[in-house]
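A.B. asks: Based on the hints, put chains Y and U in the right spot on chain W.
Chains as they are written, first to last, in the numbering used here: chain W, 10 to 388; chain Y, 10 to 388; chain U, 10 to 388.
Warning: the hint list may mix true and false statements.
Since the list gives no way to pick one copy over another, a pair counts as held whenever it fits inside one copy or between any two copies.
In silico lysine-lysine, DSBU-like type, Cα no more than 30 Å apart, as pairs [claimed, not checked]:
(1) K125 <-> K369
(2) K369 <-> K248
(3) K144 <-> K369
The set of hints was computed from the structure by calculation and includes no laboratory data.
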Amino acid sequence: MPALAMPECRSGYATILPRDYYTSAEIFEIELERVFAQQWILLGHIAQVPHIGDYFVQQFARESILIVRESNDKINGFYNVCRHRGHRLCASAHGHARRFVCPYHHWSYGTDGSLKTVPGCSDGEHLDYTDWGLKPVRLEVFHGFIFGWLSAGDAPSLALKFATAAAEFEKMELERLKEVHRETYEINANWKTLLENYLECYHCRGSHPELCVSMDLAAMYAGTDSWQDPYFVGATPLKQSMKTASLDGMLVSRPLGAYAALSEVPSGVGVGIGVVPTLSRVIVHVDHCVSHALRPIDVGRVGWETRWYVSEDAQEGRDYNLARLIAVWDATNKEDIALCEGAYQGVLSRSFTPGPLDPKRESAITVALRTYLAMMKSA
Amino acid sequence: MPALAMPECRSGYATILPRDYYTSAEIFEIELERVFAQQWILLGHIAQVPHIGDYFVQQFARESILIVRESNDKINGFYNVCRHRGHRLCASAHGHARRFVCPYHHWSYGTDGSLKTVPGCSDGEHLDYTDWGLKPVRLEVFHGFIFGWLSAGDAPSLALKFATAAAEFEKMELERLKEVHRETYEINANWKTLLENYLECYHCRGSHPELCVSMDLAAMYAGTDSWQDPYFVGATPLKQSMKTASLDGMLVSRPLGAYAALSEVPSGVGVGIGVVPTLSRVIVHVDHCVSHALRPIDVGRVGWETRWYVSEDAQEGRDYNLARLIAVWDATNKEDIALCEGAYQGVLSRSFTPGPLDPKRESAITVALRTYLAMMKSA
Amino acid sequence: MPALAMPECRSGYATILPRDYYTSAEIFEIELERVFAQQWILLGHIAQVPHIGDYFVQQFARESILIVRESNDKINGFYNVCRHRGHRLCASAHGHARRFVCPYHHWSYGTDGSLKTVPGCSDGEHLDYTDWGLKPVRLEVFHGFIFGWLSAGDAPSLALKFATAAAEFEKMELERLKEVHRETYEINANWKTLLENYLECYHCRGSHPELCVSMDLAAMYAGTDSWQDPYFVGATPLKQSMKTASLDGMLVSRPLGAYAALSEVPSGVGVGIGVVPTLSRVIVHVDHCVSHALRPIDVGRVGWETRWYVSEDAQEGRDYNLARLIAVWDATNKEDIALCEGAYQGVLSRSFTPGPLDPKRESAITVALRTYLAMMKSA
Numbered sequence: 010m011p012a013l014a015m016p017e018c019r020s021g022y023a024t025i026l027p028r029d030y031y032t033s034a035e036i037f038e039i040e041l042e043r044v045f046a047q048q049w050i051l052l053g054h055i056a057q058v059p060h061i062g063d064y065f066v067q068q069f070a071r072e073s074i075l076i077v078r079e080s081n082d083k084i085n086g087f088y089n090v091c092r093h094r095g096h097r098l099c100a101s102a103h104g105h106a107r108r109f110v111c112p113y114h115h116w117s118y119g120t121d122g123s124l125k126t127v128p129g130c131s132d133g134e135h136l137d138y139t140d141w142g143l144k145p146v147r148l149e150v151f152h153g154f155i156f157g158w159l160s161a162g163d164a165p166s167l168a169l170k171f172a173t174a175a176a177e178f179e180k181m182e183l184e185r186l187k188e189v190h191r192e193t194y195e196i197n198a199n200w201k202t203l204l205e206n207y208l209e210c211y212h213c214r215g216s217h218p219e220l221c222v223s224m225d226l227a228a229m230y231a232g233t234d235s236w237q238d239p240y241f242v243g244a245t246p247l248k249q250s251m252k253t254a255s256l257d258g259m260l261v262s263r264p265l266g267a268y269a270a271l272s273e274v275p276s277g278v279g280v281g282i283g284v285v286p287t288l289s290r291v292i293v294h295v296d297h298c299v300s301h302a303l304r305p306i307d308v309g310r311v312g313w314e315t316r317w318y319v320s321e322d323a324q325e326g327r328d329y330n331l332a333r334l335i336a337v338w339d340a341t342n343k344e345d346i347a348l349c350e351g352a353y354q355g356v357l358s359r360s361f362t363p364g365p366l367d368p369k370r371e372s373a374i375t376v377a378l379r380t381y382l383a384m385m386k387s388a
Numbered sequence: 010m011p012a013l014a015m016p017e018c019r020s021g022y023a024t025i026l027p028r029d030y031y032t033s034a035e036i037f038e039i040e041l042e043r044v045f046a047q048q049w050i051l052l053g054h055i056a057q058v059p060h061i062g063d064y065f066v067q068q069f070a071r072e073s074i075l076i077v078r079e080s081n082d083k084i085n086g087f088y089n090v091c092r093h094r095g096h097r098l099c100a101s102a103h104g105h106a107r108r109f110v111c112p113y114h115h116w117s118y119g120t121d122g123s124l125k126t127v128p129g130c131s132d133g134e135h136l137d138y139t140d141w142g143l144k145p146v147r148l149e150v151f152h153g154f155i156f157g158w159l160s161a162g163d164a165p166s167l168a169l170k171f172a173t174a175a176a177e178f179e180k181m182e183l184e185r186l187k188e189v190h191r192e193t194y195e196i197n198a199n200w201k202t203l204l205e206n207y208l209e210c211y212h213c214r215g216s217h218p219e220l221c222v223s224m225d226l227a228a229m230y231a232g233t234d235s236w237q238d239p240y241f242v243g244a245t246p247l248k249q250s251m252k253t254a255s256l257d258g259m260l261v262s263r264p265l266g267a268y269a270a271l272s273e274v275p276s277g278v279g280v281g282i283g284v285v286p287t288l289s290r291v292i293v294h295v296d297h298c299v300s301h302a303l304r305p306i307d308v309g310r311v312g313w314e315t316r317w318y319v320s321e322d323a324q325e326g327r328d329y330n331l332a333r334l335i336a337v338w339d340a341t342n343k344e345d346i347a348l349c350e351g352a353y354q355g356v357l358s359r360s361f362t363p364g365p366l367d368p369k370r371e372s373a374i375t376v377a378l379r380t381y382l383a384m385m386k387s388a
Numbered sequence: 010m011p012a013l014a015m016p017e018c019r020s021g022y023a024t025i026l027p028r029d030y031y032t033s034a035e036i037f038e039i040e041l042e043r044v045f046a047q048q049w050i051l052l053g054h055i056a057q058v059p060h061i062g063d064y065f066v067q068q069f070a071r072e073s074i075l076i077v078r079e080s081n082d083k084i085n086g087f088y089n090v091c092r093h094r095g096h097r098l099c100a101s102a103h104g105h106a107r108r109f110v111c112p113y114h115h116w117s118y119g120t121d122g123s124l125k126t127v128p129g130c131s132d133g134e135h136l137d138y139t140d141w142g143l144k145p146v147r148l149e150v151f152h153g154f155i156f157g158w159l160s161a162g163d164a165p166s167l168a169l170k171f172a173t174a175a176a177e178f179e180k181m182e183l184e185r186l187k188e189v190h191r192e193t194y195e196i197n198a199n200w201k202t203l204l205e206n207y208l209e210c211y212h213c214r215g216s217h218p219e220l221c222v223s224m225d226l227a228a229m230y231a232g233t234d235s236w237q238d239p240y241f242v243g244a245t246p247l248k249q250s251m252k253t254a255s256l257d258g259m260l261v262s263r264p265l266g267a268y269a270a271l272s273e274v275p276s277g278v279g280v281g282i283g284v285v286p287t288l289s290r291v292i293v294h295v296d297h298c299v300s301h302a303l304r305p306i307d308v309g310r311v312g313w314e315t316r317w318y319v320s321e322d323a324q325e326g327r328d329y330n331l332a333r334l335i336a337v338w339d340a341t342n343k344e345d346i347a348l349c350e351g352a353y354q355g356v357l358s359r360s361f362t363p364g365p366l367d368p369k370r371e372s373a374i375t376v377a378l379r380t381y382l383a384m385m386k387s388a
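Same shape as in the complex, but just chain W (with noise of 0.2 Å):
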């Protein structure tokens, strides 16, 4: 593994990092544990198990994990891993359940993980149940978001570190959201190629006609450069006479929560949530929200996820159109897709030497690869 310091160049301006952290599938090996395992990560939302025993599995990273309701009130995360055997305990990606059977030798747990049965082993004959339970992943719900922790050690509370996004959450009633569509895109880079793409809107100008009708580019700048966190609040900022962002300003779906009583919906409503360098990504305008979530595959190979939410409420047809809803943002991630791709080619080169970052507009970029390399250094 290179060195672990924050690199700069010549000009003594900071850059991305050597060649080696995004072509090297041991480095890549490494930061599952270290950063994806150590950091929040967007799984879900509430909507997917509204009723006891509702279920979903989520992939993420080669895992396989299961979010599932055991109360009103409380909803558990499992690795999908038959503690026996390690067979995939769940095979549906969704559905509901009081208790899993593995498929193999039939053990069976119940919705708080633990271990209900093992044919022709009673409790205490050869293994106490209690030792015997699916192993856990930490979850926090936010305002509806469905948050996983892969790792056993601390995670702060999100509900400190976005306090400031809570109010216009809490007027947006987020927990009262419907996903109407999901995009998972493959792209051939490095996840990191595609963190340092989210991260700057240095390329939004000359790469992204949709998203530009909207955003006010001066003051995104203004945002990525206030990104001094792995935890932002923010939403991708509006013009002033923008509703919301879509192909023409106008509203795409009815008002969220609170702002459905109003006669008439206010301008350049927009707050969100990010998580670095896990990147997980909540974006809500007065109408409707949009996640991301990157999802790592391989050395050179990751996901990126897209939700659209509306509220509960909307129906297709009267209150929204799907292709309206979500033409911003799917022609958006499919020109970063092609400029991800296209930067990732150049970093193979063996002639590659990362070049100067500019100081205000790719700021964002060395926060959160700082934060990264402390999360690599820390063993």
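C.D. replies: Okay, now just chains Y and U, sitting in the frame of chain W:
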């Protein structure tokens, strides 16, 4: 490589191996040398080479092995590799030849492996032909079945190891079989996950309805529990009323060998041999024979080859129906493949720790893995 | 890495290299640095860039190389990688440009490689433009053929190395060729297996009927035996009666250069140059020219690119027929690919040990591998 001791879990019971053994490409490379080249592997049957000069080529673990009949009494095995520049010597899967001529520079070899001609270089001119014969693969033919041993070291005699199966095999006249069907399955799992699956019948009741028609499950548990040696003897035990392993317990072909002369064939007949950890297996019932052979591909992929044999005198339509003949094991194989792939998914999880093996129903796994670890220790 | 000495077998004759050299992904990575970046490689011909601003992009060993004509007298080579974040600078395979603008953040460069503009950052503001020009690939044009050298170290002059070919090349006016066909084959073999195949004609009699129509085999043996240098001169030698290398020895296009003025073209004309171990090759007969260039892909895969050239004045239908023109080398290439893939299969065997090379017919292999080993030793 992880420490080479048989792991135990907290409860004091044995488990399968630590995760690295199933996921490390480096360990797989060592296994090719220390396991698959240091144990007998099933390559075929003498029915494939009835006449002098008959040959066939069998792939195994990235190797191509040429098996050729030199005389009525002698069958030879060679690496299918020209000694000059390494070109694949024989391209056909089977055929008849007195000389094998390399297509690259036309070096030629006899059926005894000796170098016969080198174009432009007579024997002794630049090289002594005797130095450059084909590299041998040791063979032992056990009641018609051809086993190979890839490395040069000592190999135990199968005739001795399987002495207790000899009388029954002789009665069944296994030299007089013909292969009537072959399936080669590919499985997305480490080969040891397949080995473990094969060595226990704890999963059979819930997963193998076709096999459970004729199989005596309690006897099977006892059977696997008795597999305390790398060379074990025994067939799938049949229920008392069952003539053979079939979907209804009735014969699926004409009786083998001496059984053909009886007015009524007895029920419950079965004999077989098995080799671990390379997992070659022959199971014979009164009317047909099945062989299984594990074919390693890479750390996360393994082949599983099953062949069905009947008496050489049997005719399709009159004496056997192919669909009925293969029904039990083709179905069972497909069920096991799904289980192996499901189990391997969990073994790949960073959260995976091996669980406790049932001391009665999964004991053969422990024995086989101990053999495996002993082989891996020997440098 | 195995010991870096040229191996000999027991008989005292040279062999090819130990197996690891052909199978180790780690050694392949070292080769990219110490072999392919430290020797001339054939990239193209000046006919691809006739006018100022004309450019083309050539892929080689995971690199994308931009070749652009800066002036009537100057052709430049650059890594096709933006100095800012590494984005592929030029996406087209060929075209015409005065400026190259990176699609990511719109940094722009001149045809001399200099950085011209950085949006939002004038020269000297955050960085000195002179520090951030494109990284050069050294070029030498030899009688129209463009060779490149990827690393920054000293490179010998091809004009000096190939001095003995100059008179004939001048007579043939190779600057005035046009490329009329190109094939890029991909071969499942290590690149050195292809190199070894190319450097001996011991296999030709049995494998290359099309080539053997016009080729003088005895002279070819003598020819390869004389390739005692990384830079060798000589064409495929023709039989005395043959005008050119074709399926009948008759011309396949109008005579090149000064030969066009003769009332009757002479028989047996041929000249050529070759570079090892990177294996770039140009062969010219009286009426057409063929170039070959090895394109490394990974340890077990290599590209082989052949281009056919005729006089720039020749017209298809009138002066040449494409099928006749390419017949000999397209057939020969396909025959060699099968041989290389067959040989590599055996090299992959754990049983493989290299056999004795014929001291006359395979001597050029020994010379090339010695050059290779010397390059691998230099850190």
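A.B. asks: Each hint should be assessed against the structure and marked as holding or not.
C.D. replies: Taking the hints in turn, this is what the structure says about them:
| no. | hint | result |
| --- | --- | --- |
| 1 | K125 <-> K369 | between (57 Å within a copy, 21 Å between copies) |
| 2 | K369 <-> K248 | within (20 Å within a copy, 71 Å between copies) |
| 3 | K144 <-> K369 | between (44 Å within a copy, 26 Å between copies) |
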